[in-house]
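Use the sequences and the hints to build the structure in full.
Residue numbers (this note's numbering), protein chains in the order written: chain E, 1 to 393; chain A, 1 to 251.
Bear in mind the hints are in silico, worked out from the structure with no lab data behind them. For glycine and all other residues, C-beta sits at the position ideal for the given N, C-alpha and C. Honestly, I wouldn't trust all of these hints.
[Said to hold, decoys possible] Cβ-to-Cβ under 7 Å is the rule here; a few derived chain E residues that face chain A:
| hint | residue |
| --- | --- |
| 1 | Gly-10 |
| 2 | Tyr-12 |
| 3 | Ala-14 |
| 4 | Glu-15 |
| 5 | Ala-19 |
| 6 | Glu-23 |
| 7 | Asn-168 |
| 8 | Leu-171 |
| 9 | Arg-172 |
| 10 | Ser-260 |
| 11 | Thr-261 |
| 12 | Val-275 |
| 13 | Asn-290 |
[Said to hold, decoys possible] Derived DEER-like restraints, expressed as beta-carbon distance ranges:
| hint | chain 1 | residue 1 | chain 2 | residue 2 | range |
| --- | --- | --- | --- | --- | --- |
| 14 | A | Ala-84 | E | Thr-176 | 30 to 38 Å |
| 15 | E | Asp-315 | A | Lys-92 | 41 to 49 Å |
| 16 | A | Ala-166 | E | Tyr-48 | 43 to 51 Å |
| 17 | A | Ala-190 | E | Arg-318 | 50 to 58 Å |
| 18 | E | Arg-207 | A | Gln-2 | 54 to 62 Å |
| 19 | A | Gly-170 | E | Arg-318 | 36 to 44 Å |
| 20 | E | Glu-381 | A | Lys-92 | 54 to 62 Å |
| 21 | A | Lys-92 | E | Glu-29 | 52 to 60 Å |
| 22 | A | Gly-170 | E | Thr-261 | 41 to 49 Å |
| 23 | A | Ala-166 | E | Glu-43 | 40 to 48 Å |
| 24 | A | Ala-84 | E | Ala-155 | 34 to 42 Å |
| 25 | E | Gly-287 | A | Asp-39 | 23 to 31 Å |
| 26 | A | Asp-39 | E | Ile-259 | 42 to 50 Å |
| 27 | A | Pro-192 | E | Lys-387 | 53 to 61 Å |
[Stated by the list, open to error] Quick list of in silico lysine to aspartate or glutamate cross-link-like pairs, DMTMM-like style, CA-CA up to 25 Å:
| hint | chain 1 | residue 1 | chain 2 | residue 2 |
| --- | --- | --- | --- | --- |
| 28 | A | Lys-87 | E | Asp-288 |
| 29 | A | Lys-189 | E | Asp-179 |
| 30 | A | Lys-80 | E | Asp-288 |
| 31 | E | Lys-2 | A | Glu-135 |
| 32 | A | Lys-165 | E | Glu-23 |
| 33 | E | Lys-2 | A | Glu-142 |
| 34 | E | Lys-2 | A | Glu-162 |
| 35 | A | Lys-165 | E | Asp-179 |
The primary structure of each chain is shown beneath.
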Amino acid sequence: MKTHYGAYGGQYVAETLMAPLKELEAAYEAAKADPDFMREFGEILRDYVGRETPITVARRLSEHLGGATIVLKREDLNHTGAHKVNNTIGQALLARRMGKKRLIAETGAGMHGVATATVAALLGMPCEVYMGAIDVERQSPNVERMKMLGAKVHAVTEGSATLKDAMNEALRDWVTNCDDTFYVIGTVAGPAPYPEMVRDFQSVIGREARRQCLEKFGRLPDEAIACVGGGSNAMGLFAGFIDDASVKLVGVEAGGKGISTGEHAASINGGRLGVLHGAKTMLLQTGDGNIIDTYSVSAGLDYPGVGPEHCHLHDTGRAEYTVITDDEAIAAFDALCRYEGIIPALESSHALAEAIKRAPGLPKNAILLVNLSGRGDKDMENARRYKDAKKNS
Amino acid sequence: MQRRIADAFAKAKAENRGAFVAYLTMGCPTLAASEKAVDDIIAQGADIIELGVPFSDPFADGGVIRSAAYEALKQGVSLKAVLAAAKRLRAKHPETGFVIFSYYNPIFSMGPNAFAGAAADAGIDAVLCVDLPLEERGELVEALNPHGVSYVPLIAPNTPIERVKASEEGLENSFLYVITVKGTTGERKALPEDLATRLDAIRSVARLPVAAGFGISTRAQADEVCRHADGYVVGTALVKCLVEGRPPCLG
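See below:
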C-alpha cells in the first residue's frame, strides 16, 4: 500500500497507533479485493444513499454568464445531503468486518459527523463525534441531526475550537480505545492508509461523472472543479479524470478574507510544508511550527492542512489550486439559488465561484464540471448573517 | 563523545535503583520557573530531564500537559527558547542527561539539520518525538547522527517484540521509553496488570536500558515499575505541581 505521495503523506502518529494502522491497512487491502464487500458497498450506495447522483446542466446560470456551460455533479442529492456518506459507509462496513464495536469521528461543518452518525445507526453501532465548540455553534442544525440519529456529540473547547482540535480529540480517543474503536476520518488527510482509502471510497463521484459526461455530451468536460478543505470531494472527483490529460483538474481553497489578510484556510496557496495529524503536508503555521487558526465563512473548509495527495498533484502540475474568498463564495451561493433553484453548501459554493469566474472567458461548447459536494440548508443562517454584517459595515 | 544517558542508567544500576527520568513542559508557568524547576528536580535526584516543547496541537497528551503547553505558548515559548534554556541548564548541570521531547512539526519547521546543530550546541543528548515512529524517523535521526545527538524510541503496549528490536537499531546513548498504557499522558490510579510481564519481555531482548512512563505519579508506582525496568518517567505529576505553584515532587 502506498504511504507517501511524493514528499507528502506518511504515518506520523504515536507509536500506539502504528499497530492499529497496520491492522487497518491489511483489512482494507483484503476488503477491496473481496467482491462481497464491494458488492455490499455498492448496494448500500444505490439503495440507501440513492446513487447514482445526476449531473445537472446549470442552464440559466451559464446563459447569464455567457460563456462555458457549467455542469453540476449533484452530491447534494445524496442521503444526508453531501458526498461525505460515500466514505462513511465504506469505513463503517470495514469497521464491522474488522470486528470493531464503536465508531468515532471528527467533524467541522457537521456533514461528516451526520454521515457517520447515519451509518452508525444503519449498522447498529454506537457513535461519538468530536466537533469544535465554535463549529457546534455555527452549524447547530447538524448537531441536532447527529443527536437525533443517536450519536453522542462532544464539543471541543480547546485550542481554536474548530476542526483541527476536534481531530486532536478524536485521535486521543482512538489511541486510548483502539482495540475496539474504529476512527472514521472524514477526509483524505491523516496517516496512511486514510488518504488512499477515503479517496477510493469517494472515487465513485468521479467515475459516475465521467460516464455521465460521455453519455450526455459525448465527450469529457474541459475542467473538473471542486472545493478543497481536507480535499475528499475533490479527490473523489479527480479520481475519475486523473488519467484524462485533456481534463484540467482544479481545486479551490478557502480564501476567507483574502490570502494577504492572513485570515484564510488555503493551505496549498498560503501554507508551508509541515507535519500534522499523521501526515506531512502543506500547513498554515507560524515560523515556530505551531498551527495557526484558520478562517473561512465555510466551516467545512476551515482546516489548516490538506490531503497529502493534493500537495503532490499540485507539485506535479496535474491539478491546479486556486483561491476563492468569502465574498465570492457567498455571491456564488446566491447565484445558484436564484438561477437554478439549488441551495448549495458554502463549501461547494467555493468551487462554483471558481467556475463562475472562468465561464465568461471560455467558449459556449466548453464544459466546466463542478462538484456540488453538499446542500446548503445548514448554511442559510450563516449566509444571511454574513450578508447582514456586510450591509451594516 | 559524551554518553550522559548511558552513564545515567549505568550509575543508577550501580546504585541498585531505577533511573529517574523527569518530564517538564518548558514555559509553564514561565520559562524561568521551568528552569528553576529543572534545578530542583535534579537536586532531588533526577538522572535525565525531558524538556517538553510546547505545541499548538498536543494530540497525544492528557489534559494537564495540554494546558501547560497552551500556557507556555501564551508566554511565547518556542523550540528556540527551549533550546536556549537547555544551554543555560547545561552550563549548570554538566552530567544530567537532557532529552528534547517534542512533536515533530516544530523540529521539522526549524529544519532537521539546523535543529540538530542547535541541539548539539545546547548540550542535548537525545531527542524524542511523540509522532515520529520507526517508519518516519530516518530524516531526523540522519540529521542528529553527525552531531552526536541520539534518539529515544517509544514502545507502546501493542508494539510487537520484533519491532522493539528494530526500534533500538543503530541507537547509542539512549533508552527505550515504554508506554505503560494505551492512551494519552496523565496520571493513572493503577498501572496495567500485564505491565511487569511486558517489561520483562522487552528487557529480555533490549540492548538499550528500558524506562517506563505514562501514568506514574507516586513513589510506590515508581518502585513497582523499577522491579521490571531500568528507570521510570514522571511527567504529568511534576507538571501539575508547577501549575499549582508547588515544588515539583512525586506523590
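So, going through the hints one by one against the coordinates:
Interface restraint check: Gly-10/E against chain A, minimum CB-CB distance 5 Å, threshold 7 Å, status holds. Checking Tyr-12/E against chain A: minimum C-beta separation of about 5 Å stays under 7 Å; hint holds. Because the beta carbon of Ala-14/E sits about 5 Å from the nearest beta carbon in chain A, less than 7 Å, this interface hint is met. Evaluation of the Glu-15/E hint against chain A yields a held restraint, the C-beta minimum of about 4 Å falling below 7 Å.
Residue-level restraint check for Ala-19/E holds (minimum Cβ-Cβ distance to chain A is 4 Å; threshold 7 Å). Checking Glu-23/E against chain A: minimum C-beta separation of about 9 Å lies over 7 Å; hint violated. With 7 Å as the threshold, the beta carbon of Asn-168/E comes within range of chain A, its nearest partner Cβ sitting at about 4 Å, so the hint holds. Among the interface hints, the one on Leu-171/E holds; its C-beta lies about 4 Å from the nearest C-beta in chain A, closer than the 7 Å criterion.
Of the supplied interface hints, the one on Arg-172/E holds, with its beta-carbon coming within about 5 Å of a beta-carbon of chain A, less than 7 Å. For Ser-260/E, the interface hint is violated, the least distance from its beta-carbon to any beta-carbon of chain A being 22 Å, above 7 Å. Here the hint on Thr-261/E is broken, as its CB sits about 20 Å from the closest CB of chain A, past 7 Å. Because the closest C-beta pair between Val-275/E and chain A is about 5 Å apart, less than 7 Å, the hint holds.
Evaluation of the Asn-290/E hint against chain A yields a held restraint, the C-beta minimum of about 4 Å falling below 7 Å. The beta-carbon spacing between Ala-84/A and Thr-176/E, approximately 35 Å, falls within the hinted interval of 30 to 38 Å. A C-beta distance of roughly 47 Å is found between Asp-315/E and Lys-92/A, which places it inside the suggested range of 41 to 49 Å. Separation of Ala-166/A from Tyr-48/E is about 44 Å and conforms to the stated range, judged on CB atoms against 43 to 51 Å.
Evaluation of the 50 to 58 Å hint for Ala-190/A and Arg-318/E yields a pass: the beta carbon distance comes to about 54 Å. For Arg-207/E and Gln-2/A, the Cβ-Cβ distance of about 59 Å falls inside the hinted range of 54 to 62 Å, so the restraint holds. Take Gly-170/A and Arg-318/E: their Cβ atoms lie about 37 Å apart, and the range 36 to 44 Å holds. A hinted range of 54 to 62 Å for the beta carbons of Glu-381/E and Lys-92/A is consistent with their spacing of about 59 Å.
With their beta carbons about 54 Å apart, Lys-92/A and Glu-29/E fall inside the hinted range of 52 to 60 Å. The supplied range of 41 to 49 Å is met by Gly-170/A and Thr-261/E, whose beta-carbon atoms lie about 47 Å from each other. Taken as a hint, the range 40 to 48 Å holds for the pair Ala-166/A and Glu-43/E, whose Cβ atoms sit roughly 42 Å apart. For Ala-84/A paired with Ala-155/E, a C-beta distance near 38 Å keeps the hint of 34 to 42 Å intact.
The given range of 23 to 31 Å is respected by Gly-287/E and Asp-39/A, whose C-beta atoms sit roughly 30 Å from each other. One distance hint, 42 to 50 Å for the beta-carbon pair Asp-39/A and Ile-259/E, holds here, with the actual separation near 46 Å. In this structure, Pro-192/A and Lys-387/E meet the distance hint of 53 to 61 Å, their C-beta atoms being roughly 56 Å apart. With a CA separation close to 19 Å, the supplied pair Lys-87/A and Asp-288/E stays within the 25 Å bound.
The hinted pair formed by Lys-189/A and Asp-179/E meets the criterion: a straight-line CA distance of about 21 Å does not exceed 25 Å. A distance of roughly 8 Å separates the Cα atoms of Lys-80/A and Asp-288/E; the hinted pair therefore holds under the 25 Å criterion. Our distance criterion of 25 Å between C-alpha atoms is met by Lys-2/E and Glu-135/A, whose separation comes to about 13 Å. The hinted pair formed by Lys-165/A and Glu-23/E meets the criterion: a straight-line CA distance of about 20 Å does not exceed 25 Å.
Distance check on the hinted pair: Lys-2/E and Glu-142/A sit about 23 Å apart at the alpha-carbon level, within 25 Å; holds. Annotation: proposed proximity of Lys-2/E to Glu-162/A holds, straight-line Cα distance about 23 Å (limit 25 Å). Restraint check for Lys-165/A and Asp-179/E: satisfied, since their Cα atoms lie roughly 23 Å apart, inside the 25 Å limit.
Hint compliance for this structure: hints 6, 10 and 11 are not met, and every other hint is.
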